[in-house]
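Engineer: Okay, here's what each chain looks like letter by letter:
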Amino acid sequence: MLRFILQRLAVLIPTFIGITLTAFIFIHLIPGDPIEVMAGERGVSPEKYAELLHAFGLDQPLWKQYLDYIWQLLHGDLGKSFVTKQPVIEEFFKLFPATIELSLSALIFAIVLGIPAGIIAAVKRGSIFDHSLMTLSLTGFSMPMFWWALLLIVTFSGTLGWTPVSGRISVMYFFDNVTGFLLIDSWLSGQPGAFKSAVSHLILPTIALGTIPLATFARQTRSAMLETMGEDFIKTARAKGLSPFRVTVLHAFRNALIPIITVIGLQVGVLLGGAILTETIFSWPGIGKWMVDSIFRRDYAVVQGGLILIATMVITVNLTVDILYGLIDPRIRKKGH
Amino acid sequence: MKKSLLALAILAGSTALTGTAYAADKTLVYCSEGSPDGFDASLYDSGTTLDASANTMFDGLVNFKIGTTEVVGGVAESWSMSDDGLELTFNLRSGVKFHTTDYFTPTRELNADDVIFSFTRQMDQENAYYKHNNGQWLYFGYMDMANLIKEIKRVDDMTVTFVLDHPEAPIVANLAMAFAGIQSAEYAAQVEASGNLDDMNQKPVGTGPFKFVNYQKDAVIRYATNEDYWNGKPAIDNLIYSITPDASVRFQKMKAGECHVMPYPAPSELDMIKATDGITLMQSEGLNVGYLAYNTEKENFKDVKVRKALNHAINKEAIKEVVFSGYASIAKNPIPPTMWSYDDSTVDDEYDVDKAKALLAEAGLGDGFKTNIWAMPVQRPYNPDAKKMAELIQADWAKIGVDAEIVTFEWGEYLKRSKEGEHDTVLLGWTGDNGDPDNFMRVLLGCVAAEQGGNRARWCNDEFEAEMQAALLTTDAAARTESYKKAQGIFKAEAPWATIAHSIVFMPVSDKVTGYVVDPLGGHWFSNVDMN
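Chains as they are written, first to last, in the working numbering: chain A, 1 to 337; chain B, 1 to 532.
FYI, nobody ran anything at the bench for these hints, they're computed from the structure.
Quick reminder that beta carbons are idealized off the backbone N, C-alpha and C, glycines included.
Please note that a few of the clues may not be correct.
FRET-style restraints, in silico, Cβ to Cβ [what the hints assert, rightly or not]: (1) A:Met143 - B:Thr514: 35 to 45 angstroms; (2) A:Val270 - B:Asp25: 35 to 45 angstroms; (3) B:Gly95 - A:Asp176: 33 to 43 angstroms; (4) B:Glu297 - A:Asn177: 49 to 59 angstroms; (5) A:Asn177 - B:Asn134: 23 to 33 angstroms; (6) B:Glu299 - A:Glu47: 25 to 35 angstroms.
For lysine-lysine, the following BS3-like pairs were computed, each having C-alpha atoms within a straight-line distance of at most 25 angstroms [to be verified]: (7) B:Lys131 - A:Lys64; (8) B:Lys298 - B:Lys419; (9) B:Lys203 - B:Lys97; (10) B:Lys355 - B:Lys419; (11) A:Lys85 - B:Lys131; (12) B:Lys302 - B:Lys486; (13) A:Lys64 - A:Lys48; (14) A:Lys64 - A:Lys80; (15) A:Lys48 - B:Lys131; (16) B:Lys26 - B:Lys512; (17) A:Lys80 - B:Lys26; (18) A:Lys80 - B:Lys97; (19) A:Lys48 - B:Lys150; (20) B:Lys65 - B:Lys97; (21) B:Lys302 - B:Lys355; (22) A:Lys94 - B:Lys492; (23) B:Lys131 - A:Lys80; (24) B:Lys332 - B:Lys274; (25) B:Lys65 - B:Lys298; (26) B:Lys153 - A:Lys94; (27) A:Lys196 - B:Lys355; (28) B:Lys203 - A:Lys85; (29) A:Lys48 - A:Lys124; (30) B:Lys370 - B:Lys388; (31) B:Lys305 - B:Lys233; (32) B:Lys370 - B:Lys298; (33) B:Lys217 - A:Lys85; (34) B:Lys305 - B:Lys370; (35) B:Lys419 - A:Lys48; (36) B:Lys419 - B:Lys332; (37) B:Lys131 - B:Lys97; (38) B:Lys26 - A:Lys196; (39) B:Lys387 - B:Lys370.
This is chain A alone, in the form it adopts within the complex (with noise of 0.2 angstroms):
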């Protein structure tokens, strides 16, 4: 196991020199410079166009930046954005715990309405409500998610006023971030009503970003525990006479869990990447907003730095499905000797 997961993180040193250089080509790709971007229609004396250049490092070679940019990254340095003067790093940290807070919220709706969902549709094939559930998927998979949100807005905030419109807690209450997660620093601040706060401004957000994940878990489960109960092993479990519970959750589900865990897996960059409008949409001061309106201004640093924090989130989370396959299928282990 343990040569297994070693070989694994070898393969991340080429992953990561590839990443910086692609965030580093992907960003200098587009056309404008961030000195033309922050001046807008009153423009900049070309005197002082060229001393901002300078400062900023822009007037070198496109190559030289490049090796500038390793060789702070080697010295655990992200660089500090153009606009706001502040290290991405510590920028990042500020926001990522609002992504992490409603992927995580996101995830946890659609895995537990998604995959019982999959699974009743699978053992109750053919009927209404299997039906009715890929009817559903389809429709939540195809949801733009601009027009999703802002109807789950206008329906529940709007019409009904059973939720806040968008924000992560009401601006009422002011506590100090201890974790950065709302959910817990509220509970911590002790402050009345504070958590419910949170956690009502959590559920619309959750619904809207954890749409998508939800249908395709349930679609991703049906299809593999059908190809499961045809197998062998489950007739024979049935003709062993087990409960029809039993040979669903413990033979069919555990060896469908392999597909279903690699799309897990494999959403976790699809909820990082929906979080870029569900934030815009509810206000919710994460690292998706960051980013665009990083692009948009050409903040480089940001950007690049941005960009390696949140592959090494992913490749994370992709190492850790690597290491549970191994955990869970034992052959797969083994093809990694």
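Since the structure of chain A is already known, use the hints to place chain B on it.
Structural biologist: For chain B alone, coordinates are given in the frame of chain A:
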């Protein structure tokens, strides 16, 4: 997480919950459109940042009277210009206190040292703050202050004199702008000693009506009322900026009572907002202009007859209805009607296709020609949909045989290339900074701007320039008005632009709020508001 899920399930059908931490106080919540880049207004130029910094926490030597472009005393109670226009002296107000916060306790009141520091850091390349910020003092650069201010002299504790390189009438209005807010030299020294120079930008200390409490990035900015404000304590106790980037969501928050004032409503929702109980839709003419500049260096546009012909071919009424949903006024001058010296007697180039054809024939281009229209990739108050505007102009010009291709680039590239004069015609606009006509006419149509690129028509007219220089060198309001009116006449006759429209600025304000005034300069101010 289990706990949160359980709570989530329990609360799924419950009503919205609001806390009570500020319940006893008058707390105004402003749903702002974006996050500030920082809190040192001298470093930035976005309205969002200036609202969150200069307009809440700082004063200039002079300020704009809220809701107008009239310059009134700020931390200076009076000022005078020498006869030769080269020395501008300010007498500072006594008893002006800097904010006392968790991170700074002032030991003295504002004096001349603070004024000198506030400008020196933006012009002295050896200053620690200049170096630290890479000299990125945007507005100081835009207003060309480094070439204007030769020296700032400390006459005594409460008097400073700006020694100027040349006379420049708008300087007093320039000093009312956000970049000229007065910082505490004492605090700057404390920050410099701590070694973390970013604190000036992250933990602001001003003399303004509100003081900084806390900023949760991209979420909330909190301010408390400055009890010691020299101009009278504001009526509200707390001010909160709830950052809400989406316009439709801002409106939903207004409806739900989660905020009291919001900027930039979506044009498509204006009628809905008007019909909403408890919300008043305030409006004011914006101090802006949207225009189409003809590149007068390009062969086809050198002849004024061609430019006039194209102007006559544009149906501006249609643009107003389609692009601005009717919420704009048609522009005939390069400055908006709310600005002093506006010449209402100007006759606009009316929509007349036959006249346009005749003028084109006179210019020897009766068969038409090929050209391009550059359309901005971004929305601005003066042009909410440049692509649509370009399409309308394209269709209008097709009627006189002019075949225009619509071109667009990414914003930074658009600005850069149009500055270099690559375009035939380009859509752009301007929002005023200080209410002075110089800030529109010389900046956008002057000869220096033609060289540097800000003048997208690349039009340098000696007569027009002479009027600009004459108005710049005198402080006599009547003489300046006369010059700017003459300049508007020259502009209209020469037609370097097709002037399109001046937009209207809307502000939905809760009926709980009283005293809010829409600012023609586009800022948002809360020192004069109260709540029922």
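Engineer: Has the given pair, B:Lys387 with B:Lys370, been kept, meaning a C-alpha gap of at most 25 angstroms?
Structural biologist: OK: B:Lys387 and B:Lys370 at ~19 angstroms, within 25 angstroms.
Engineer: Does B:Lys26 pair with B:Lys512 here, judged by a C-alpha cut-off of 25 angstroms?
Structural biologist: 11 angstroms, holds
Engineer: Is B:Lys65 within 25 angstroms of B:Lys97, Cα to Cα?
Structural biologist: 20 angstroms, holds
Engineer: Given the hint that B:Lys302 pairs with B:Lys486, test it: the Cα-Cα distance must not exceed 25 angstroms.
Structural biologist: Between B:Lys302 and B:Lys486 the Cα gap is close to 22 angstroms, so the pair holds against 25 angstroms.
Engineer: With a cut-off of 25 angstroms on the C-alpha distance, tell me whether A:Lys196 and B:Lys355 pass.
Structural biologist: Roughly 69 angstroms between the alpha carbons, so the hint for A:Lys196 and B:Lys355 is violated.
Engineer: Against the range 35 to 45 angstroms, how does the distance between the Cβ atoms of A:Met143 and B:Thr514 compare: consistent or not?
Structural biologist: 43 angstroms, holds
Engineer: Within 25 angstroms, alpha carbon to alpha carbon, are B:Lys332 and B:Lys274?
Structural biologist: It is violated: about 29 angstroms lies between the C-alpha atoms, which goes past 25 angstroms.
Engineer: Is 49 to 59 angstroms right for how far apart the beta carbons of B:Glu297 and A:Asn177 are?
Structural biologist: Roughly 56 angstroms apart at Cβ, these two residues keep to the hinted range, so it holds.
Engineer: Could you grab the alpha-carbon distance between B:Lys355 and B:Lys419 and see if it respects the 25 angstroms cut-off?
Structural biologist: Given that 25 angstroms is the threshold and the Cα spacing comes to 32 angstroms, the pair is violated.
Engineer: When you check the alpha-carbon spacing of B:Lys302 and B:Lys355, does it fall within 25 angstroms?
Structural biologist: 19 angstroms, holds
Engineer: So the hint says 35 to 45 angstroms: do the beta-carbon atoms of A:Val270 and B:Asp25 match that?
Structural biologist: 43 angstroms, holds
Engineer: Is the straight-line distance between the alpha-carbon of B:Lys131 and that of A:Lys80 25 angstroms or less?
Structural biologist: 15 angstroms, holds
Violated hints, listed in ascending order, are 10, 17, 18, 22, 24, 25, 26, 27, 29, 31, 37; each of the other numbered hints is respected by the structure.
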